[in-house]
Structure formats: structure tokens, C-alpha cells
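Chemist: Next come the chains, spelled out residue by residue.
2 protein chains.
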Amino acid sequence: MTKKLIIRVGLKDGITDPEGANVKKSLELLGFDNIVGVKTSKIFEITVEELDEEKAREEAENMCKKLLANPVIHSYEINIE
Amino acid sequence: MTKKLIIRVGLKDGITDPEGANVKKSLELLGFDNIVGVKTSKIFEITVEELDEEKAREEAENMCKKLLANPVIHSYEINIE
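Chain order of the listed sequences is A and B.
Everything in the first sequence is counted per this note's numbering, starting at -10 for the first residue and increasing by one.
Everything in the second sequence is counted per this note's numbering, starting at -10 for the first residue and increasing by one.
Don't take every hint at face value.
Label pairs and their computed distance ranges (CB to CB) [to be verified]:
{"no.": "1", "chain 1": "A", "residue 1": "Glu66", "chain 2": "B", "residue 2": "Thr(-9)", "range": "20 to 26 Å"}
{"no.": "2", "chain 1": "B", "residue 1": "Leu18", "chain 2": "A", "residue 2": "Lys44", "range": "18 to 24 Å"}
{"no.": "3", "chain 1": "A", "residue 1": "Ser15", "chain 2": "B", "residue 2": "Leu40", "range": "38 to 44 Å"}
{"no.": "4", "chain 1": "A", "residue 1": "Lys55", "chain 2": "B", "residue 2": "Thr(-9)", "range": "34 to 40 Å"}
{"no.": "5", "chain 1": "A", "residue 1": "Asn51", "chain 2": "B", "residue 2": "Val61", "range": "34 to 40 Å"}
Chain B residues, not near chain A, derived (Cβ > 12 Å throughout) [said to hold, decoys possible]:
{"no.": "6", "residue": "Gly3"}
{"no.": "7", "residue": "Ile4"}
{"no.": "8", "residue": "Thr5"}
{"no.": "9", "residue": "Glu43"}
{"no.": "10", "residue": "Asn59"}
{"no.": "11", "residue": "Pro60"}
{"no.": "12", "residue": "Val61"}
{"no.": "13", "residue": "Ile62"}
{"no.": "14", "residue": "Ile67"}
{"no.": "15", "residue": "Ile69"}
No wet-lab data here; the hints were simulated from the structure.
In this text, a Cβ means the ideal position worked out from N, Cα and C, and glycines have one as well.
Full structure from sequences and hints, please.
Modeler: In C-alpha cells form, the structure reads like this:
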């Protein structure tokens, strides 16, 4: 049986989001004139062979620490399905 | 008052996800040996000055069509908060 680790990695509050700023600018150039702000983040949907939800969560946590997130600038959120 | 448009843009089923494949390879090199697959997607959290939920949804739909998603390869999902 498999579990799906849904990991959302985004920038911490206060960290500049250049991609979000560019999307905002582009949308404004396209005529969207009521935009207050744009934040971007990334989702990794990782399917693993694992039965135990707690172990899956621990594994996701390790993946973030070792590869997916940079603790200086990123925050992350883990959901298991 | 503002609404938050949460737009998730991912690759359609059957479209190769090179970033996901690379993440899978890297995780395996780091010792995670039970990975079945990795899919990546992107979240845009766009705050707009808008009261009406229906109008906000329509605006998000237009943003996807005009900028955020490429209909050939991407599918998207819109949530309004």
C-alpha cells in the first residue's frame, strides 16, 4: 500500500518573492488592475510505499530538511493522504 | 474587502514532469528507497480587491487562460478564500 505525501514549500514571511512580483506585474500589464499581491509556492506530491501515517510524515519531514526546503528562506507544510 | 484566489497549476496526466523526475532521483540518491513517483505543481496565491466570489472566480479563470497556465500541458484548479 502507498501513501501520498503532499508537501507545500513556500517562502517565509518577509522573504522577497521575485516570481510573485513578476506575475503581479505581468497580470497588471494584461489589464488586471485590482491586484494587491501575489505569493507563489510549490507542491511536491510524492507517492511512497509506506503503510504507517506517522512514518510517512517523518519521511516527508526528512525530505524537506535534506532536499526540498532551504530552512533559511522556506517554510513547509506536510499533508498525508 | 479582498478575496484570495488560490490557483494551483500542474501538468496534465501523461505530460512528462522533468522536475518531478529529478526530485525522485535526488531523493533516491539521498537514501529514500520507497518512492513510487513525484509530481510537482505550482500555487499562485493572488490577493485581489473584490467582494463578489463569482467575479473573483471568473477573474482567476481569466488569469489562468491569459498567463498562468498553458492549456496544451497544464491543468488548473481554483479556490477562492
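Chemist: Any hints from earlier that this structure breaks? Give me their numbers in increasing order, please.
Modeler: 3
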